[in-house]
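These protein sequence lines map, in sequence, to chains A and B. Residue numbers for the first sequence follow full-length UniProt numbering, so the first one is 1 and each next one is one higher. Residue numbers for the second sequence follow full-length UniProt numbering, so the first one is 1 and each next one is one higher.
One or more of the hints may lead you astray.
[Stated by the list, open to error] Pairwise CB distance ranges (calculated):
1. G203(A) <-> G119(B): 31 to 39 Å
2. A93(B) <-> T204(A): 43 to 51 Å
3. T204(A) <-> E87(B): 23 to 31 Å
4. E90(A) <-> L155(B): 45 to 53 Å
5. M44(B) <-> D75(A): 28 to 36 Å
Read the hints as simulated data drawn from the structure, not as lab findings. Using N, Cα and C, we set each Cβ at its ideal position, and we do this for glycine too.
Protein chains: 2
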Amino acid sequence: MLAIGDELLSGRTKDKNIGHLAEVMTLAGIDLKEVRIVGDDPHMIADTLNTLRRAYDLVFTSGGIGPTHDDITADAVAAAFGLPVIEHPEALARLEAHYASREMEFTPARRRMTRTPQGAALIDNKVSVAPGFRVDNVFVMAGVPSVFQAMLASLVDQLPAGEPLKSRAIPCPFGEGDIGDPLSEIAKANPGVVIGSYPKFDGTRYSTEIVIRSRDDAALDTAAKAVEAMLAGIENRRQA
Amino acid sequence: MLAIGDELLSGRTKDKNIGHLAEVMTLAGIDLKEVRIVGDDPHMIADTLNTLRRAYDLVFTSGGIGPTHDDITADAVAAAFGLPVIEHPEALARLEAHYASREMEFTPARRRMTRTPQGAALIDNKVSVAPGFRVDNVFVMAGVPSVFQAMLASLVDQLPAGEPLKSRAIPCPFGEGDIGDPLSEIAKANPGVVIGSYPKFDGTRYSTEIVIRSRDDAALDTAAKAVEAMLAGIENRRQA
């Protein structure tokens with residue numbers, strides 16, 4: 001994923017799209033491998049996009065497709081692909097109809113939102129009409145979270161889905177320091193699963209959530225039982 | 001910045017450190033230029049870190065310095081620099097004292113948290129003692145937000161501060177489509193400032209926050225007045 005916008009790097013806006021995309025991809029059985037955040041710099045966007053679209057099967061972008069002068073994603077994506085930018089006829093038709101129906105002026109600024117690289121396919125926007133677009137393996141979406149989410153929902157069923165990764169979360173009342181050694185042994189003994197441990201700190205003491213992930217149900221069960229037995233063992237030793 | 005952790009890419013954990021670092025850097029007058037998020041893959045972490053530390057003056061990492069088997073950041077950072085990993089004597093002393101004072105066992109897992117690349121300087125952790133560390137221009141910090149924030153607070157005064165970027169936020173009741181054209185003219189006429197416009201959508205209508213940024217107070221004033229005059233002009237035309 002490539003999240004675009006000076007406001008994300010200045011801290012003015014806290015990104016909400018990365019975590020959402022991550023959740024949706026996990027449910028769809030698609031592994032999110034890398035995220036980059038860059039500012040409103042056309043060369044940086046184009047260079048980063050070229051790196052990501054060659055490295056990965058799918059790339060999703062957020063941000064920079066609105067009507068103002070700092071919305072430069074369409075131009076940067078076109079530059080990355082070496083394509084000209086056009087006013088997309090279908091986008092033009094949708095926005096003309098939308099503003100006419102609301103008796104709003106279809107200003108040159110709003111018209112900017114119809115610009116896509118030549119040959120792009122549109123991504124529907126059920127929230128505010130102005131579409132995103134797809135070029136090859138790159139999906140270009142809005143930065144406003146409600147619109148990003150609507151666009152992603154409209155396309156996720158068309159993606160090549162993998163076998164969903166299943167996960168089992170096991171709450172653990174002990175800190176990572178208490179479970180690190182035995183958990184490491186369990187991880188070594190169960191190569192078919194990935195075991196993560198996520199520390200929580202409530203201000204006075206640590207607890208942990210242990211998450212086991214696998215595409216194989218049996219491997220997941222075996223590892224989960226080993227973790228539960230380990231936790232029961234620690235508990236028993238403490239009470240003894 | 002480099003944020004590390006499978007849990008960020010699966011959506012299980014929503015990152016809170018990127019936005020915090022961005023805010024702190026902006027206040028310190030340091031421009032955050034790029035963020036990457038990668039999983040718990042030692043080669044990916046090392047390669048990404050080598051790219052970032054050569055491209056930028058400062059690099060901050062979050063995540064992967066706890067006591068469990070999936071905490072591999074110290075090893076990956078050492079690999080990136082071609083350094084051996086040692087048990088840092090001062091970190092060892094701090095953690096031994098900490099666990100002794102609490103009558104807690106200093107397990108091999110907890111001892112993992114003393115591992116740093118050789119020659120690293122420690123970053124204090126006032127929340128839970130186990131330190132972060134610095135190697136050259138790379139600052140390695142925890143992923144737990146309260147600990148990340150404490151570590152960043154302990155080092156930010158030592159960073160080479162730039163002239164802080166000042167900003168002026170101007171709320172705007174109109175959508176970007178209404179202001180895009182005149183705002184674009186103002187941006188062109190005021191090259192000493194960066195003007196961002198951030199759409200908000202409340203479910204029925206768009207409004208916008210216009211943010212002007214500059215290191216030059218006079219340029220900021222001039223551009224802010226131009227934006228306010230533009231908004232007053234739109235308002236007057238609507239009422240006419």
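Is the gap between the beta carbons of M44(B) and D75(A) within 28 to 36 Å?
holds, 30 Å
Holds or violated: the 45 to 53 Å window for the beta-carbon distance between E90(A) and L155(B)?
The hint (45 to 53 Å, Cβ to Cβ) holds, given that E90(A) and L155(B) are roughly 52 Å apart.
In this structure, is the beta-carbon distance linking G203(A) and G119(B) contained in 31 to 39 Å?
For G119(B) against G203(A), whose Cβ atoms are near 34 Å apart, the range 31 to 39 Å holds.
Is 23 to 31 Å right for how far apart the beta carbons of T204(A) and E87(B) are?
Given range 23 to 31 Å: holds, Cβ gap about 27 Å.
Would you say the C-beta atoms of A93(B) and T204(A) sit inside 43 to 51 Å of each other?
violated, 23 Å
In this structure, the one hint that does not hold is number 2.
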